[in-house]
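Chain by chain, the residues:
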Amino acid sequence: MDLFPLWNSLRIATLSAVIVFFIGIFAAYYVSKLRPFVKGVIDVILTLPLVLPPTVIGYFLLVTVGARRPLGMFLEQFGVRFVMTWQGGVLAAAVIAFPLMYRTARSGFESFDETLAYAGQTLGLSNRFIFWRIRMPACKQGIIAGLVLAFARALGEFGATSMLIGYTPGRTATIATTVFHLWQVNDEQGAFVWVMINLAISAVVLLAVNMIERKNGYLRRYQKEIREI
Amino acid sequence: MGIYVDIKKRLGKFNLDVCFESKDGVLGLLGASGCGKSMILKCIAGIEKPDAGKIILDDKILFDSAKKINLPPQKRKLGYLFQSYALFPNMDVRQNILCGFSGAQNQQEKEKALDEVLELMQLQGKDKHRPHALSGGQQQRVALARILVGNPNLIMLDEPFSALDSHLRERLQIQMQALLKQFGKTVLLVTHNMDEAYRLCKQIVLIEDGTVGVFKNTKDLFFNPESRQAAILTGCKNIVAARKISAHELEIPSWGIRFQVDKPLKDGLCAVAIRAHYFNTEANWNRFPIVFTGELEEPYGYIYTFRYENQQAESEDIWWKFPKSRRAMEKPKELGISNRNIFPLYE
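The listed protein sequences correspond, in order, to chains A and E.
Residues in the first sequence are numbered from 319 upward in steps of one, following the numbering used here.
Residues in the second sequence are numbered from 2 upward in steps of one, following the numbering used here.
Since the hints were derived computationally from the structure, they do not count as laboratory data.
Any given hint could turn out to be false.
[To be verified] Restricting the straight-line Cα-Cα distance to at most 27 Å, the calculated cross-link-like pairs of lysine-lysine (DSS-like) are:
#1 E/K43 - A/K357
#2 A/K351 - E/K322
#3 A/K351 - E/K9
#4 A/K458 - E/K127
#5 E/K43 - E/K9
#6 E/K24 - E/K14
#7 E/K14 - A/K351
#8 E/K220 - E/K238
#9 E/K55 - E/K69
#10 A/K357 - E/K220
[Unchecked claim] Some chain A residues judged to face chain E by a derived CB distance under 8 Å, without partners named:
#11 P388
#12 F430
#13 T433
#14 A437
#15 T440
#16 L441
#17 I452
#18 A526
Yeah, the Cβ is synthetic: ideal placement off N, Cα and C, and Gly gets one too.
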């Protein structure tokens, strides 16, 4: 059996989750500091990919980075190509998964106690130190949750991916597009195998999330007990 | 040496406009909550930017809108003790205190200073604890230690005792007083609690609606308040409109009496303030017949409310407070008050 779709899905989901992790955090951080009105407008724009049908995202991606579009031709000069390549899969999955990372991280940043940052400043700590060593750890829960959600969503991406990169066995096939293709060609058994593989990956991801949460839960209960003593 | 603050800042409908100066010692900023006290500290720390004005600390300009100077908080070398102490929850006590060191010292010096400050703050053995595993008093000491290791030129304390249980508060105030004496430089203490202000501050600035109401030495403020606001904030229970008759006599129309006073009255007298415990059964001064209207028992004393015989119906009952040991079998028919204990208030 050709395991390429498994490998391709994992690399697309992992890479897009990493990209979305950084972009999502910085977008969340800067948006959380904006004035209410501007924040509302930008928030709507950044959250749109979550509620639009993935095929609409696929359409927007094709009209911007398509082979005969200005941006697509510009990128082609540097050998960067998104249509019908696995890199395009990363782009599509990142756009779709971005709002999940952004929104969870933003609600984390908004509940951050700003006095901690002020205290850091008056103590002479650099703004970079305050961001990475005080703000980020305090918002850790939301950021990890956002990252896992983004990874899971990227792994399951189908609509925008199939529009942008199609289905080419051994080149662009992902688990989701493979299941669809095998069903189309009446290979129910083949589809079943990939469905089970996908179920296994999702179960492992969710188990990992629960274990992280439970560990933190134990820690918190334990700390509460110490305080009560 | 000392701090000079003259700042203006508009925040929606609220206008902050204060000016005060302090040499070494503890200066209290006393005012009701929401009057702008904490905003003043934030402006001095550089967390908030005033619209206009000047902030100068020991000849170093921290902020000057005319010269376009606005040092970032990191360069101001101030210690700011937040109301919530603002300990970093993801770091243990030791890491929290290490954050307070300025970059110049080497590791060995830091370790030595860290051990010293842990001992000074009675935190030995706590250095590996996370902040939430500490009591309120310990958290406060960690926050102070974190400030002190940076050797700041000014310490600002924002309601430092409000988050503590009352039985701890007084004990910690004594420790704090010793510590601030040792620190020796200027300290600003924000509080709404007059007892706290009296115990710890040499001078007091009264803040009201974003402006400086009164700026006086602490003793002077409590025993010669002169303004209605100062009388209220220092806890005078009986404040009533009055007018001057002569240099040593005033009339309180709503009580239907005249009081003799020791110190000559100035023109512009508008009211008098009398502390509830200043009335006396034995005083021969200003003695008038009274009628009791109510009583309230407290742990160590009583509060009686009473009225003078000819008191006008719409004026409020008068408060008299005395310790339990001085309760007589029969309620007195007359009460007097020393001619020194009537505080004149002016416009």
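Checked hints:
About 25 Å separates the Cα atoms of E/K43 and A/K357, which keeps this hinted pair within 27 Å; it holds. This hinted pair does not check out: A/K351 and E/K322 have alpha carbons roughly 52 Å apart, beyond 27 Å. The hinted pair formed by A/K351 and E/K9 meets the criterion: a straight-line CA distance of about 24 Å does not exceed 27 Å. Restraint check for A/K458 and E/K127: satisfied, since their Cα atoms lie roughly 25 Å apart, inside the 27 Å limit.
Straight-line distance between C-alpha atoms of E/K43 and E/K9 comes to about 13 Å, which keeps the hinted pair within the 27 Å bound. Distance restraint check for E/K24 and E/K14: the Cα-Cα separation of roughly 32 Å exceeds the 27 Å cut-off, and the hinted pair is therefore not satisfied. A distance of roughly 22 Å separates the Cα atoms of E/K14 and A/K351; the hinted pair therefore holds under the 27 Å criterion. For the suggested pair E/K220 and E/K238, the alpha carbons sit about 18 Å apart, so the restraint of at most 27 Å is met.
At most 27 Å may separate the alpha-carbon atoms for a hinted pair to count; E/K55 and E/K69 meet this at roughly 10 Å. Note on A/K357 and E/K220: the hinted pairing is violated, with a Cα-Cα distance of about 51 Å set against a maximum of 27 Å. Interface hint status for A/P388: violated, as the beta-carbon distance to the closest one in chain E is roughly 43 Å, over 8 Å. Hint status for A/F430: violated, given a least beta-carbon distance of 11 Å to chain E, over 8 Å.
Hint status for A/T433 relative to chain E: holds, with the closest Cβ pair at about 5 Å, below 8 Å. Here the hint on A/A437 is kept, as its CB sits about 4 Å from the closest CB of chain E, short of 8 Å. Hint on A/T440 holds. Least Cβ distance to chain E is approximately 4 Å, under the 8 Å limit. Proximity of A/L441 to chain E holds as hinted, the smallest CB-CB distance being about 5 Å (cut-off 8 Å).
Restraint check, A/I452 versus chain E: the minimum CB separation of about 5 Å is within 8 Å; hint holds. With a cut of 8 Å, the hint placing A/A526 at the interface with chain E is violated, because the nearest CB-to-CB distance is about 22 Å.
In the structure shown, a violation is registered for the earlier hints numbered 2, 6, 10, 11, 12 and 18, in ascending order.
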